[in-house]
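Enquirer: Spelled out from the first residue to the last, the chains are:
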Amino acid sequence: MLNESLTDLKSRLDQDGIVLTFTGPFSQEVIEVLGDAIKKHINSDENIKKNTLNVFSVFIEQTQNINSYLSSQKFAQEGLGFLGSGLVIIGKTSENYFVYSGNMVVKEDAVALMSMIEEINGLDREQLKAAYKSQMKKERLILEGSSGGAGLGLLEMARKSSAPIEYTLINRNERFDYIILKVIV
Amino acid sequence: MTSLYIEATRSTPEIKFENHLLTVKGQSYPENAVGFYAPIFSWLNEYLGMLGEVTAIFEFDLLYMNTSSSKCIMDFVDILQDAYSQGKRVSINWYYDPENESLLECAEEFKEDVDLPFNIIPVEGQ
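Residue numbers (the working numbering), protein chains in the order written: chain A, 171 to 355; chain B, 411 to 536.
These are calculated hints, taken from the structure and not from any lab test.
Just so we're clear, the structure is a prediction, and the values are computed from it rather than from any experiment.
All C-beta atoms in this analysis are idealised placements derived from N, C-alpha and C, irrespective of residue type, glycine included.
Don't take every hint at face value.
[Said to hold, decoys possible] When the alpha-carbon atoms are kept at most 27 Å apart in a straight line, the in silico DSS-like pairs for lysine-lysine are as follows:
{"#": "1", "chain 1": "B", "residue 1": "K435", "chain 2": "A", "residue 2": "K299"}
{"#": "2", "chain 1": "A", "residue 1": "K210", "chain 2": "B", "residue 2": "K435"}
{"#": "3", "chain 1": "A", "residue 1": "K352", "chain 2": "A", "residue 2": "K210"}
{"#": "4", "chain 1": "B", "residue 1": "K521", "chain 2": "A", "residue 2": "K299"}
{"#": "5", "chain 1": "B", "residue 1": "K435", "chain 2": "A", "residue 2": "K307"}
[As the list claims (entries may be wrong)] To list a few chain A residues with every Cβ distance to chain B over 10 Å, as calculated:
{"#": "6", "residue": "Q185"}
{"#": "7", "residue": "G194"}
{"#": "8", "residue": "N224"}
{"#": "9", "residue": "T263"}
{"#": "10", "residue": "Y270"}
{"#": "11", "residue": "A280"}
{"#": "12", "residue": "E296"}
{"#": "13", "residue": "A301"}
{"#": "14", "residue": "M306"}
Model the full assembly from the supplied sequences, consistent with the hints where possible.
Expert: Below is the structure:
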């Protein structure tokens, strides 16, 4: 039975243009290995060669954001265990690559994240550049290591993407939502 | 001054220092960028403190860096700028692949805020 459903899953993924998908506990090692696989794939794609690094960059910011959020003390205290794992999907259409990510998020963080995305989506190229630069200076002052929040990573994704960042929130229970981000590169 | 060498990994660049030339080469996207760069900055501050009349050259030859590494490289440039303002002879050579605009943009953004010699140099076919 599992064989059949896996075959179904595989043909479904092919239909949707998915070239790589991972679900499970994220770690830096997992991110690096997947990142290499993506680069190899795109480098061998004659049509979409020029934005290899943009896809890679969006992938890295998205997955490192999730990794740092899910491994943060605040989230770890929620005791979610395996539910605290992430999802990343990379696929392509005839013109673009897309990067999806999914993870559990505490509701109050989801609200903050949504308003940040809305704000970023309202900026044009020049405003994005200016916002990136000022955020960079702000985060350097925080001196919190690399986890200065999702802001800079989201701005970077927006700068690399060719369309607004899309998000979907799915209600899980009174405490958590599941958030899906889609970035088109 | 002792030399410095840190081997590249998949997510961290090679750091090499000899004869007043320091190179940062490769990719930078470690999980904890500050953790990676902090010891380099301690070394750098010590080195710059002892630097005499010689010119020290800092070469950046990066293919990719994530946002938290960018913050660290900006700190790196600031440290060099402080030394320059104090009369030390330091200069930056920033190499980039013309097909890779984002590393050029980064360099231009860093350069905007400083007045030390900062050369941005295209290298074909990296």
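Enquirer: Which of the listed hints are not met by the structure?
Expert: 8 and 14
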